[in-house]
Amino acid sequence: MSGQSHTRSLRFALVAVPLLFAAIVWLQTRIDAETATIAAQKDELLLRSGPLLKKLSLGYDSLLADIYWTRAVQYYGSKVGNAGEKFELLWPLLDITTTLDPKLMIAYRFGAIFLSEPGLGANRADLAVELLKRGVAANPDDWQLDSDLAFLYYWHLKNYPQASAAYLEASKKKDAPVLMKMMAAEVAAKGDSFLASRAIWTEIFETAQDPSIKKNAFQHLQSLQAQQDLLELDKYAEDYRNRTGRYPASAKELYESGILSGIPLDPAGVPYILGPDGKSRLDPKSPVTLDKVLNR
Amino acid sequence: MSTVPGVVAINTFREAVRDRVLYNLIFFALMMIGASILVGEISIGISRLVIINLGLSAISIFGLVMAIFIGVGLVHKEIEKRTLYTLLSKPVKRWEFLVGKFGGLLLTLTLNTALMTLGLAAALYYVSGNFLRADFSILVAVYFILLELGLVTALALFFSCFSSPMLSTLFTLGIYVAGIFSADIRDIGMLTRSPAMEAAARAIYYLLPNFHNFNAITAAAHGDAIPVSLIWQNTAYAALYAALVLVAASAVFSGRNLK
Chain V
1 MSGQSHTRSL
11 RFALVAVPLL
21 FAAIVWLQTR
31 IDAETATIAA
41 QKDELLLRSG
51 PLLKKLSLGY
61 DSLLADIYWT
71 RAVQYYGSKV
81 GNAGEKFELL
91 WPLLDITTTL
101 DPKLMIAYRF
111 GAIFLSEPGL
121 GANRADLAVE
131 LLKRGVAANP
141 DDWQLDSDLA
151 FLYYWHLKNY
161 PQASAAYLEA
171 SKKKDAPVLM
181 KMMAAEVAAK
191 GDSFLASRAI
201 WTEIFETAQD
211 PSIKKNAFQH
221 LQSLQAQQDL
231 LELDKYAEDY
241 RNRTGRYPAS
251 AKELYESGIL
261 SGIPLDPAGV
271 PYILGPDGKS
281 RLDPKSPVTL
291 DKVLNR
Chain A
1001 MSTVPGVVAI
1011 NTFREAVRDR
1021 VLYNLIFFAL
1031 MMIGASILVG
1041 EISIGISRLV
1051 IINLGLSAIS
1061 IFGLVMAIFI
1071 GVGLVHKEIE
1081 KRTLYTLLSK
1091 PVKRWEFLVG
1101 KFGGLLLTLT
1111 LNTALMTLGL
1121 AAALYYVSGN
1131 FLRADFSILV
1141 AVYFILLELG
1151 LVTALALFFS
1161 CFSSPMLSTL
1171 FTLGIYVAGI
1181 FSADIRDIGM
1191 LTRSPAMEAA
1201 ARAIYYLLPN
1211 FHNFNAITAA
1221 AHGDAIPVSL
1231 IWQNTAYAAL
1241 YAALVLVAAS
1251 AVFSGRNLK
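Line order of the protein sequences matches chains V and A.
Using this note's numbering, read the first sequence as starting at 1 and increasing by one per residue.
Using this note's numbering, read the second sequence as starting at 1001 and increasing by one per residue.
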């Protein structure tokens, strides 16, 4: 009798459980649709105090820091490309992340890039400087953060004395490459220079372990190469005009005139285009993108 | 030297295994597998860090839950099932029974922690493809977690000697949280600028078990070396504090009327 009862219960469960589960899924879909507007507004941070969160984490602060860093990356990724985006939660998220784990180097290094980039980031080089300074204070033996700080001063803020000082500071630290001292001298002497920028991105490309960081550095290196090439090509086009009285119609014409020894290609192997105004540019089909608009 | 605590400990361990306590390892394994696969997809450059932080935090949390919830029931269960009376009618002293119970749960927690550590190592190897010399800090962090669990087990056992499992859980959790904030309590005392308050806060600071001592998760995740001096100091601290709590528990339990 008991066996029969058990079989009956089992059969009932086999039917009822999937049915109830299907009903739950249907109901959840309805609730999701109902609360879609609320979900769209949930772009907020309930707790903005890093020290408070550190206390509330009950000792699991480094795990919480990983969660906040992931949140910062997701936030940045979801906003990047939106016209006029101000990335308002980026700084609080990075602030909390680095308060929870002051040794999370990636948060300082990539966070500074997210904050400082004018088109693809928050365009807040001042906050990026603050973040990196905080990183340097918490990790005084690490030369990379000083190097990143120098790059910020150099590239975004055009503050060459500060950039040189930061490179010099980096050069004094353990395991710092000789390049840091060279950079300090280079930046101090020349100011805005492709050479310095290329050296920094090359260093990042060669030392980064993470594929996404490596890819980012590679893209910057390609951009720098293209910027340098375009300025050079402009000069050759000007030479051509001085000789013939008009701008060359194409890069091929420059090559055929003997000014160039070959058809000029961008770092992705796509030929550059010459405009009727003598200004060179990237082929729209090229995967290479320029970091900034060239001043010419 | 009495062998009674050892016999009780082995039986407590067997009972825990019989009660399917180690089933939590399945959840741990599933979590680590999920994290290993997902972590690279949702963040940048912190795969190793996440695996270490998540693994060590889970080892700590799972262990704490086991230590508290099993610890508070160790004495109560024996009284409820009336097996304690049979046991104490034999030449078994009450303190021997308590020390045995403590040892048995600690043995269970040690096995559980060791297996979870193996799971963490496997996930770490899957994510990064190698082990670094600095990963030795992870083992030290696991050892510190085990010391913490020992202390929590002793506290749970102490409270279970004179109160119900529900209250013992609340007391143990309360002491654990207060122990994490003990340094803050001391600092608040200093802020009051009252010598009496400062002395009282300092007394509380020393009285509460300082669980913050045993937190080496961040250091392990970043591969920072943990000083040998800290290892022996923490070991001695946990051993002395657990001994103190067990002595107090024995005193309370000896005086308890079991009729």
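Hints in this document: simulated from the structure, not taken from any laboratory.
Treat the hints with care, since some could be wrong.
Derived DEER-like restraints, expressed as beta-carbon distance ranges [to be verified]: (1) A:1195 / V:51: 23 to 33 Å; (2) A:1122 / V:77: 27 to 37 Å; (3) V:175 / A:1163: 32 to 42 Å; (4) A:1188 / V:130: 27 to 37 Å.
The C-beta atom is built at its ideal place from N, Cα and C for all residues, glycine as well.
**Request:** Take a look at whether the Cβ-Cβ distance between residue 1195 of chain A and residue 51 of chain V falls inside 23 to 33 Å.
**Result:** Check passed, 27 Å falls within 23 to 33 Å.
**Asked** Falls inside 27 to 37 Å, the C-beta gap from residue 1122 of chain A to residue 77 of chain V?
**Response** holds, 30 Å
**Message:** The hint says 27 to 37 Å between residue 1188 of chain A and residue 130 of chain V; measuring C-beta to C-beta, is that right?
**Reply:** Taking Cβ atoms as reference, residue 1188 of chain A and residue 130 of chain V lie about 29 Å apart, which means the hint holds.
**Request:** Mind checking the hinted window 32 to 42 Å against the Cβ distance between residue 175 of chain V and residue 1163 of chain A?
**Result:** Distance hint for residue 175 of chain V, residue 1163 of chain A is violated at roughly 56 Å.
Violated hints amount to a single one, hint 3; each of the other numbered hints is respected by the structure.
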